[in-house]
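Participant: Residue numbers (our numbering), protein chains in the order written: chain A, 448 to 848; chain B, 21 to 276.
Please keep in mind that the hints were generated in silico from the structure rather than gathered at the bench.
Even glycine gets a Cβ: it sits at the ideal position worked out from N, Cα and C.
Some hints here could point you the wrong way.
From the structure, some residues in chain A lie toward chain B, with a derived Cβ separation under 7 angstroms [said to hold, decoys possible]:
{"no.": "1", "residue": "H644"}
{"no.": "2", "residue": "S774"}
{"no.": "3", "residue": "P783"}
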Amino acid sequence: MNMSCTKILCLYSESSILALCAFVGLWTVAPMAFAQNCSGENYIDETLPTGSRWEMCWEHRAQEGIVWADVYFTTADGLRRRVLKEAALAQIHVVFDDNSARLNQLTDEGAGLGGSNIKDLDADECPDGSLLTDGSKSVICQQAIGRGYVYKSYNRKKQGYVLSLFSISSIANSAYKVRWYFFDDGTIEPSIGLSGHLPATGNDSQYGWTLDAGNTVGVAFTNNYYWRMDFDIGGNSNNDVVEEIEVVPSSDRSRKTISVTRLSSETGRNFGPAKKRSWRIRDASTENADGHLVSYHVDPLHTGHGYTGTDNEPWSMHDFYITRYKSCERFASSNPSIGGCGTGLHEFVDGESINVEDVVLWYRVTRHVLPRAEDRAIMSIRWDGFQVIPRDWTATNPLVL
Amino acid sequence: MKNRIQSDRYVRLGLTRLVAASVVCVVVSDATHADTSGSRSLDPLTHEEMQAAVELNQPILGLRDSMPEKQQQPSVPGTGRAGLRQELLLVERRQPEKGQRKNRLADVYTYDYVANELVHVIVDVDRNAIVHSEILTGVQLPLIPKEVEQAMQIVYEDSEQRDLIDSEFARVTGRPLNAISDLKYKAFVFHADTTAEGVSEATQNCGVHRCAQLLLYSANNIVIDVSPVVDLSAGVVTQSVTTTGHGHGSSGGTPR
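Okay, chain A solo, but in the shape it has when bound:
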C-alpha cells in the first residue's frame, strides 16, 4: 500500500486489509495507493470534491474507441475496491427500416470508434476539464462536474459530483459522443449520444418521415448499442456471481414478493418490465460491514424500444447476456473468429458455468429513430444509456459522513 503516515499503527485482518492508522503529528498521502497496470497519460486518478475517488487505465483502440481497464472506486470514507477489469462499447448495430443496410459500426467500417474516426478534441469542448492525449490527438475530455443534490432531508443536504469522461467519434454521417459517468456514490453510467446528419434519406414515406415541402423522406432506423463490462469485484476476479431479481405480483396483484435466482450458466435474458427484472453481479466472499455480500446492480429503467433481428442476426435475440470471460470475446456481433472464438453473443453463450467465475456483462440499449423535420440540417443529440449502481457495497450511504 502506497500510503504513509509519519507515525502510524496498522492492524491487518486476514480477509481484508484493515489499516487503522492512528495519527500523531504530520501525515502524507501518496497519489497512487496501489499499483496500476498503466502509466502517465493512460492513468486517471480523480478525487471528487465529496472525497470519493475513481482510478482507472484507458486505451484508445481502433474499433472500440476508448476502453477502460482496472477501474477502482474508493468511497468518501476510504474504502477502496476494484469494480471493473475492462469496459467499453462492444457494438453499434444500425438497421434501416427499409432494410437498405444493416451495419455493425464498430467492426464493419474502416476504423470503428477509434483510429481516424475519433475526434481530436479542442479545449473549448472540454470546459474546466483536462484533455487526455493519445500521441498528438486529444481523445478524451475529463471533467469533474456537479450533479446536484446527493441527498436532501430536512436540514441535511449535500451536493454531489461526477467524473465525466467522453470522446467523440464520427462514422460516416453520424457523430457519436461516447460518455462514461463515474458518480461519487459509486454509480457508473455508460451512455452514448447520437448527432450528425441523418444517415439516410429516400422517398418512400412508409419507411420514414417526410422532412420537407418536397418528397424527402428521412429513413427511420434502429440503433442497438451494446456495452461490454467485465466485472472483477474485489480482489479476486474469479469469484463473481450473477443473480436475477424479479418483483412477482400475487394472483390478485395486491402484493409483490422478491424473487432472487442465481444464474448458473452463460445465458441471454430479456428485459421484463412487468416483473421489474434486474440483475446484480456480486462477489462470492467480500462483505460489507454488516456481513452482506457486495455487488453492483443493473436495473433497466429505459426499455421502451425493443429489438429482435432477422434469422441472420442470432446475437440480437436478447437484451442482456452474461458470459464467462474470454479475452477474444470483444464484440457482440462480427467478433473475429480467431483462435476458435465465437462470432457473436449467440456463440459466446455455450453452456459454461458463471457460478463463482469471472463473468462479463453485455447490455443492450435499443433506440428507434423516426426522423423529424427538426433533424435538418443537424440532428440534436439523442442520448441513450443505463446505470449500474452499488448494492450493499457499504453498510450505509457512504456520502453521509
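Use these hints to put chain B onto chain A, whose structure you have.
Facilitator: Only chain B this time, still in chain A's reference frame:
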C-alpha cells in the same frame, strides 16, 4: 491540467478536515490481490512498438510473396486482380491473460489477397520476437480506407453499375453524375451468409473472398438506391442491391 490541480486541492482539504475532526484515519481495502504485474502492461502500443511489430511481420509476408508461382495460384480464378496484394489491416496491443505477468504483445493482421488468407502474427514487443503466427480463411476484419477507395473505383468503372447509378443519381438529384467526387460513400465487409435475400452466384464467394458492400449518397446525403457488392479479391462487382432487397443483377462483372 486545471482539473487535476483542483482534485489535489480537494484531497488536501478533505484530509485536513478529517485530521482536524478526529486525528484518526481508517482505510479499509479488499484489494489485497490487486494485479501488480508491471506498470505498463495496459498502456497502448507506442508508435515505435507498432513499427517494430510490423517490421517483424515482413519476413513472413515476404516468404509468402516469394513462394513459387504454382503455390501462389489463387483458389478461385481472378483472385487478387483488384490491385490489392498484401494489405496491413490492423496492429493493436493484445490483451494479456488475467493474473499472469506477461510481456507486452501485439496482434498484427495482414490480408493476403493472392491466397485469400488472413495472416495473424502475435509479436512480443518486449523481446522483439514473433511468438505465434496463423493463417486464417473466411475471417474478414474491417476494411481499411485503401480498400474502400478501391471498391468504389471498381464500381465506378463498371459500365452496368454506372448505368444504374447514373439513372438513380439523376432521379434523386435532378442532375447528371459527372464525377466520382459527386458521390459520397461508405462501405463495410460483406459476408454472403449474413444475408437472407437474393445473393447471386458470384456473391456466394464473399466471406472466403474479401468483399465490400457500398452505400452511396449524393453530396447532400440523399441515398442513391443502388448498393453494389464488390468482390475485392476478384476485382469485380458481383451484384447490386436496392432498398427493396432485390438484386439489380448478378453479372459477376469483368475481372480487372
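Participant: Was the hint right that P783 (chain A) lines chain B, CB cutoff 7 angstroms?
Facilitator: holds, 6 angstroms
Participant: Should the hint that S774 (chain A) touches chain B count as held when the rule is a Cβ pair under 7 angstroms?
Facilitator: holds, 5 angstroms
Participant: For the restraint on H644 (chain A), tell me whether the closest CB of chain B is nearer than 7 angstroms.
Facilitator: Status holds, d = 5 angstroms.
In summary, this structure violates none of the numbered hints.
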